[in-house]
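Chains as they are written, first to last, in my numbering: chain A, 1 to 396; chain B, 1001 to 1578; chain C, 2001 to 2245.
These are calculated hints, taken from the structure and not from any lab test.
Since the structure is predicted, the reported quantities are computational estimates derived from the model, not experimental observations.
Among these hints, one or two may not hold up.
[As the list claims (entries may be wrong)] When the alpha-carbon atoms are kept at most 25 Å apart in a straight line, the in silico DSS-like pairs for lysine-lysine are as follows:
1. B:K1352 <-> A:K56
2. C:K2153 <-> A:K288
3. A:K261 <-> A:K230
4. C:K2079 <-> C:K2153
5. C:K2136 <-> C:K2079
6. A:K261 <-> A:K288
7. C:K2153 <-> A:K261
8. C:K2129 <-> A:K288
9. C:K2064 <-> C:K2109
10. C:K2129 <-> C:K2079
11. C:K2136 <-> C:K2153
[Claimed, not checked] Per label pair, the in silico range of CB-to-CB distance:
12. A:D274 <-> C:N2134: 57 to 63 Å
13. C:W2201 <-> B:I1030: 46 to 52 Å
14. C:P2195 <-> B:V1134: 19 to 25 Å
[Said to hold, decoys possible] If you want the footprint, here are the derived chain B segments under chain A, 3+ residues with CB under 8 Å:
15. 1061-1067
16. 1166-1176
17. 1247-1259
18. 1348-1355
19. 1536-1546
Beta carbons: idealized from backbone N, C-alpha and C, even for Gly.
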Amino acid sequence: MSLIRAMTLAQVTVPFAPEQASTFAPEVDALYAYLWALTILVSGAVTALIIFFAIKYRRRQAGELPRPRAGSMVLELTWTIIPLLISMTIFVWGVSIFFRMYRAPREAMEVFVVGKQWMWKFQHQTGQREINELHVPVGARVRLTMTTEDVIHSFYVPAFRVKMDVVPGRYTQTWFEATKAGRYYMFCAEYCGTNHSGMGGYVEVMEPAAYQQWLAGGTGSESASAQGRKLFQDRGCASCHQVDPGGQQGRGPTLYNLFGKQQAIQGDGTVTVDETYVRESILNPQAKLAAGFQPIMPTYQGQLSEEQVLQLIAYIRSLAPQQQNAPAGGGGGQRGGPGEGGGAVTTTGQSPDVQRSNPIGPTQPRPSQGGGSPGSTGPGGARAPAGTNPQPPGNP
Amino acid sequence: MSNQLTTEARGQEWRSRFPTVNYLNADYGIKSWLLTKDHKRIALLYLLSVTFFFALGGAYAAAIRLELLTPQGDLMQSHTYNKVFTHHGIMMVFFFMIPAIPAVLGNFLVPLMIGAKDLAFPRINLLSWYVYMVGAALTFAALLAGGVDTGWTFYVPYSTSYSNTFVILAGLGIFINGFSSILTGLNFIVTVHTMRAPGMTWFRLPLFIWSNYATSLIMILGTPVIAITVLLLALERLAHIGIFDPRLGGDPVLFQHMFWFYSHPAVYIMILPSMGVVSELIATHTRKPIFGYSFVAFSSLAIAVFGFLVWGHHLFTSSQSVYAGMIFSIISYIVAVPSAVKVFNWTATMYKGSLSYDTPMLYAYAFVGLFLIGGMTGLFLAALGLDIHVHDTYFVVAHFHYVMVGGTVMGYLGGLHNWWPKMTGRMYPEGWARFAALVIFVGFNLTFFPQFLLGYMGMPRRYHAYPVDEPLWQVLHVASSGGASILAIGMLIPGIYFIWSMRYGRFAPANPWPATGLEWRTPSPPPTENFITTPVVTWEAYEFRPIEEMKVVGPGEPDQPVGGQHPINRGAEPETRE
Amino acid sequence: MATHADAVEAHGHGHESAHSALAHHFDNLEQQREAGALGMWVFIAQEVMFFGGLFLAYLIYRMKYPTAFMAASNHLDWKIGTFNTAVLITSSLTMALAVWATQVGRSRKVQVGFMAATVLLGLVFLGVKAYEYNDKYVHGLIPVAGLFNPEPKLVQEWTEAGVTVQNVQMFYWLYFAMTGLHALHMIIGVGIIAPIMWFAWRGRYSPEYHAPVENFGLYWHFVDIIWIFLFPLLYLLGVHFGKGH
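Let the sequences and hints guide you as you build the complete structure.
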């Protein structure tokens, strides 16, 4: 096992590979190199044998009749067991990398990601929003909490060797730690419709100082949780949900220090209050009703964008004794989050935030600024997909 | 030389050489074909249909490669491109790969190889072709009406709520087509169980039968699941009930599970029969019994069984739980082992054999080499941490084309050459055939090897355009497109000479190679009921004997040897009749 | 190769006593019967997988929304369901008797009588099913957008139970898909037995040849068994649900 660990950490660079710009990249490349070595060894050996046999034992006379050989148990077992053992080394190696990729560390800089036909929207906890461009510092662990407004997408940064599907109706997570400053491609890897190949951009990895400067450039941006707090007040959540420690229980559960805890639900069982549960409780409140409360909360389906839901989650998460996840908000003043379904998410006075970029040529024009509704797809003239706005549930 | 004979003389020779009526001349007229219950004629109907869809799918592939010559999406619009790769996938997977070997070679050979007069249910066999044609017609209508742009995988919610193309029509075609393969699988299973000739025990069966039997199991147990899945998809799209829609409480990933529960085993529907063909080719053209017969036979069944347990390796990045990922990963490695066992056994069979360079054997050599690469790169994709990077990139595209084209198509072409004399009574031109095999091999590798590199560099699949400032990407894409043109030419050559040979090819003796199977102990082409009398098997599988001892079954001409005196020099002189 | 020739000769005798129902490509009726029976079993395996997809979907959403499924199931009438189950099981009995009658060579009246009873019971089942479907339509429980319009009372009841309407709709959608597919199999079954009855009336089936009856029997029992699974999954889920209210 320690051998595998040693191999995992080996610094290997392979040809025909993207830059190694994250901590995962050298590990994945090492496994890749190991697998190519195996492939070349095995298929090279077998191919060489076949060519050798084809020449050495070529048919010399029309009627020749070689001596039959039925088989050999020893050989069969050998070439059953050895490949099995070799493949187990690959399995263990692959899993060891996967475990680290899968378990996003808690203490990480979090970025909310919302996929939408055909753009990536990001929001930093400090409030900056970006489209198709993501700025991160070198050497920091970045955790992405992702969902989508419409179809399945997949967030893919080849230089980081990181990919994760973005699935409607749930949150997925992935993380990386960039190791090298630079500008790296970001793609959508899961086919998502007409402009699938245009749904990309760049991850801009910056030296910490430059990153701080970039952050400062976004003057007056509120933190995600502060935006969440505004929403919480504007949408009337506060009339039922207490948010202060020791406050009187309202008509809905008190949200202070609730995130991450177990919550008993009506019927049987408990549920962990995580991002997915909070999201479900906002959009489909009766699905897992907290025990002891009446089912009176209205649904917010169709009234909050995925980004707004994420801001609310950031706020609810910040309602905890130690404020680790919520950097102090910028104090407000800015009006409003993004409009429902709005494409170009602009907040006044944030120069670096809204940049549209696309590594894939000019022939795939993005929807024009502000016209980010998925219906307008550029010069292709393709009609807006029929189901761009899926029907609301067919019940009153 | 028969080429120089006039038409009349050739006709006379035909009649003199085939005094008995064979399945081709037993009856004439379009009705005798469209209403035939003869498995051999149905095989030819299938051959025509799958060739049409192969050509159509190939044309779409050409359009894809042409578009990707340049990084800009300049040849067609994104919307069109998406339809093109979707049509390519649907045509190739559902209407070519899945029926190709079972429905053409399997239909023709299963009864012949086990010594039966026909499949157990000839009418169901004909029905399966009609079902296939109806399904194909509906899907084809969807393409003509404007096409489908969901990818052949039909992932929800794109296919149910967002795509505005003809998803339901295409899905209905695939749904109906599924019953065609269910009927074929049912027929094969029953036929192998109940129709074997006296003396044809399970372990005397040719390996082609074993692999088709395993394939049939998958067809029976897997295809209904895709049928119901596509049905649910269509209903969801029609009525929007929410079974896959998270807004209504459904789960889009459930669709992926149900889809791949069939579609991964479907990969084995495509490759297993090809492995069976290659076992036949290698035995015949090395004149040795397959090394480790029972291991090769059981590895087919092992692949069929384990193949049902690995679908989740298509979902490593789909937010599946980490433990589910681990289980699917480890089973994927286990299912790789029986494939490796086959490869080693084939190689061992060649040791001290009498290896020919006949065209079928060339395809068998190519199959083993290419399938090895295809299979080994599958190990990359089953490695969890690595798959995260290469999933949904050109690496995957290259991998499955190595398995599907390098494996299935090579096996199919090899099999077609090997049994062409039996099917048509004529030889194909050997020189041209060897040349075409070489062209295909070179073109194939040039097309698909660069795609491994592209994939690892990060090129996602189903991309209409790619970054302009990556010159290396374009170099590799151009190489791939260049290879594709060579491959296309290579594929055209057999199309031409096969048609040519039906009229001008040399007459084939009953057993041109010569091989040991029962299908070679009946005249070429066989009579309608396959054998002059029911054969009785007293020999083991692949028991090669001196040519004089391998005779056509039947009391009529007891001493008729099945091959010419110089089997390699097949057909150069008229078949020897003593 | 004298042994070959002898064996071929010996085998050839099978053709001499050819039954009129023997297809050209089979050696004898026994082989034909085996092929038919195996074919039906393989077909049933295929059907199991076909329904399996729906059962899987049911299972997943049943586990995801247990209360909603119970609440929805509460509106299916378990008494009617039980009656229909009894009808179907009885039809299986009459079908088994029809097979027995052909196997032992009872008169064609007995054969056809049992088959007619089977058809009749099948039609009763379908009629009751149609009544149930209509009842769902009247109550606005057809789970298709536009037709799904449950009474406010029901919605009120669900809401109190902490159940969302859309999950109830999901249950009904599965209910209609599963029972609908099952009913389709029943209708096909009735369509298949009709010509078999006609042949039976013509006296075609005998102790030597009765494979079609046997195979149809297998099919009919299979369709029954599907119902035996559907009934508790769909009808009995919510029987205890309503007691609290």
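Against the structure, the hints come out as follows:
Taking the CA atoms of K1352 of chain B and K56 of chain A, the gap is near 8 Å; set against the 25 Å cutoff, the hint holds. Between K2153 of chain C and K288 of chain A the CA atoms are separated by roughly 22 Å; this keeps the pair inside 25 Å, and the hint holds. A threshold of 25 Å between alpha carbons decides the hint, and for K261 of chain A with K230 of chain A the separation of about 24 Å falls inside it, so the pair holds. With a CA separation close to 22 Å, the supplied pair K2079 of chain C and K2153 of chain C stays within the 25 Å bound.
Taking the CA atoms of K2136 of chain C and K2079 of chain C, the gap is about 15 Å. The hint holds against a cut of 25 Å. Our distance criterion of 25 Å between C-alpha atoms is met by K261 of chain A and K288 of chain A, whose separation comes to about 15 Å. Between the alpha carbons of K2153 of chain C and K261 of chain A the distance comes to roughly 36 Å, so the proposed pair goes past 25 Å and is violated. Between the alpha carbons of K2129 of chain C and K288 of chain A the distance comes to roughly 34 Å, so the proposed pair goes past 25 Å and is violated.
For the hint linking K2064 of chain C to K2109 of chain C, the alpha-carbon distance of about 53 Å lies beyond 25 Å, and the restraint is violated. The straight-line distance between the Cα atoms of K2129 of chain C and K2079 of chain C is roughly 13 Å, inside the 25 Å bound, and the hint therefore holds. Taking the CA atoms of K2136 of chain C and K2153 of chain C, the gap is about 15 Å. The hint holds against a cut of 25 Å. In this structure, D274 of chain A and N2134 of chain C break the distance hint of 57 to 63 Å, their C-beta atoms being roughly 45 Å apart.
Taking 46 to 52 Å as the suggested C-beta distance range, the pair W2201 of chain C and I1030 of chain B does not conform, at roughly 37 Å. For P2195 of chain C and V1134 of chain B, the hinted distance range of 19 to 25 Å is satisfied, since their beta carbons lie about 23 Å from each other. Judged by the Cβ-Cβ criterion of 8 Å, the segment 1061-1067 of chain B is not covered by chain A as claimed, because only 0 of its residues qualify and three are needed. Under a criterion of three residues with beta carbons nearer than 8 Å to beta carbons of chain A, the stated coverage of the segment 1166-1176 of chain B fails, only 0 such residues being counted.
For a cut-off of 8 Å, the count of residues in the segment 1247-1259 of chain B with a CB near a CB of chain A stands at 6, and the three-residue condition holds. Under a criterion of three residues with beta carbons nearer than 8 Å to beta carbons of chain A, the stated coverage of the segment 1348-1355 of chain B is upheld, 7 such residues being counted. Counting residues of the segment 1536-1546 of chain B whose CB falls under 8 Å from any CB of chain A gives 5; the rule of at least 3 is met.
Hint compliance for this structure: hints 7, 8, 9, 12, 13, 15 and 16 are not met, and every other hint is.
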